[in-house]
Amino acid sequence: MTKKEILILSTPVLILILVMMLFIRVTNPKDYFENYIIPQEYSAIVLDKYRDKNHNYKRLTILHNNKEVTFSASDWTNLFEQANVGDSIVKLKGNHKLLLYRNNTLIYQSSYDTDQRGVLFRNRFKRREIN
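In my numbering, the protein residues as written are 16 to 146.
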């Protein structure tokens, strides 16, 4: 193969890699924690608890603001193991703890696991309106 042929074949691959790099957001886990997790505030009820069939991720389906939300329990230390259907989850703005209540009693405080995911992060919520 000549240099010209190699250049012609490799150019589309390089362009594709550059375009992909523009759409991939790579951040430091600590920065993600400070800029995305700490400002969040929510209060929700656990509707379901399961492992994702594609990647075996720990997931909770919660009811938050009258919306059914898929919540990544893997991001919070031992949350999946501690939570049951019917429990309440509370995260206060500016706080790094997620509180788990059962029958109006605090049963567990979970910390966000900043090392669990590495450096690639995406939005943790997939929202669906409840009809």
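Some clues are possibly wrong.
As the list claims (entries may be wrong) - Straight line, CA to CA, 27 Å or less: simulated DSS-like cross-link-like pairs of lysine-lysine:
no.: 1; residue 1: Lys-82; residue 2: Lys-112
no.: 2; residue 1: Lys-82; residue 2: Lys-106
no.: 3; residue 1: Lys-73; residue 2: Lys-19
no.: 4; residue 1: Lys-108; residue 2: Lys-82
no.: 5; residue 1: Lys-82; residue 2: Lys-64
no.: 6; residue 1: Lys-112; residue 2: Lys-64
no.: 7; residue 1: Lys-19; residue 2: Lys-64
no.: 8; residue 1: Lys-73; residue 2: Lys-18
Unchecked claim - Quick list of simulated restraints, FRET-style, between CB atoms:
no.: 9; residue 1: Leu-24; residue 2: Asn-69; range: 31 to 39 Å
no.: 10; residue 1: Ile-32; residue 2: Tyr-116; range: 43 to 51 Å
no.: 11; residue 1: Met-16; residue 2: Ser-126; range: 53 to 61 Å
no.: 12; residue 1: Tyr-116; residue 2: Tyr-51; range: 17 to 25 Å
no.: 13; residue 1: Asn-80; residue 2: Val-28; range: 39 to 47 Å
no.: 14; residue 1: His-70; residue 2: Glu-20; range: 19 to 27 Å
no.: 15; residue 1: Asp-63; residue 2: Thr-17; range: 53 to 61 Å
It is worth saying that the hints were derived from the structure and are not from the lab. From the three backbone atoms N, C-alpha and C, an ideal C-beta is built for every residue, glycine too.
Hints, verified against the model:
Only pairs whose Cα atoms come within 27 Å are accepted, and Lys-82 paired with Lys-112 is accepted, the gap being roughly 22 Å. Pair hint Lys-82 plus Lys-106 holds up; C-alpha atoms about 16 Å apart against a cutoff of 27 Å. This hinted pair does not check out: Lys-73 and Lys-19 have alpha carbons roughly 50 Å apart, beyond 27 Å. At most 27 Å may separate the alpha-carbon atoms for a hinted pair to count; Lys-108 and Lys-82 meet this at roughly 19 Å.
Restraint check: the Cα-Cα separation between Lys-82 and Lys-64 comes to about 16 Å, which is no more than 27 Å; the hinted pair holds. At most 27 Å may separate the alpha-carbon atoms for a hinted pair to count; Lys-112 and Lys-64 meet this at roughly 20 Å. Simply put, Lys-19 and Lys-64 have alpha-carbon atoms about 56 Å apart, too far for the 27 Å limit, and the pair is violated. With a C-alpha separation of about 49 Å, the suggested pair Lys-73 and Lys-18 falls outside the 27 Å cut-off, and the hint is violated.
Here the CB-CB span from Leu-24 to Asn-69 is close to 33 Å, well matched to the stated 31 to 39 Å. Between Ile-32 and Tyr-116 the C-beta distance comes to about 47 Å, which sits within the given range of 43 to 51 Å. The supplied range of 53 to 61 Å is met by Met-16 and Ser-126, whose beta-carbon atoms lie about 55 Å from each other. Taking 17 to 25 Å as the suggested C-beta distance range, the pair Tyr-116 and Tyr-51 conforms, at roughly 24 Å.
At about 44 Å, the beta-carbon gap between Asn-80 and Val-28 stays in the expected band of 39 to 47 Å. Taken as a hint, the range 19 to 27 Å is violated for the pair His-70 and Glu-20, whose Cβ atoms sit roughly 39 Å apart. For Asp-63 and Thr-17, the hinted distance range of 53 to 61 Å is satisfied, since their beta carbons lie about 59 Å from each other.
When held up to the earlier numbered hints, the structure conflicts with 3, 7, 8, 14 and fits the remainder.
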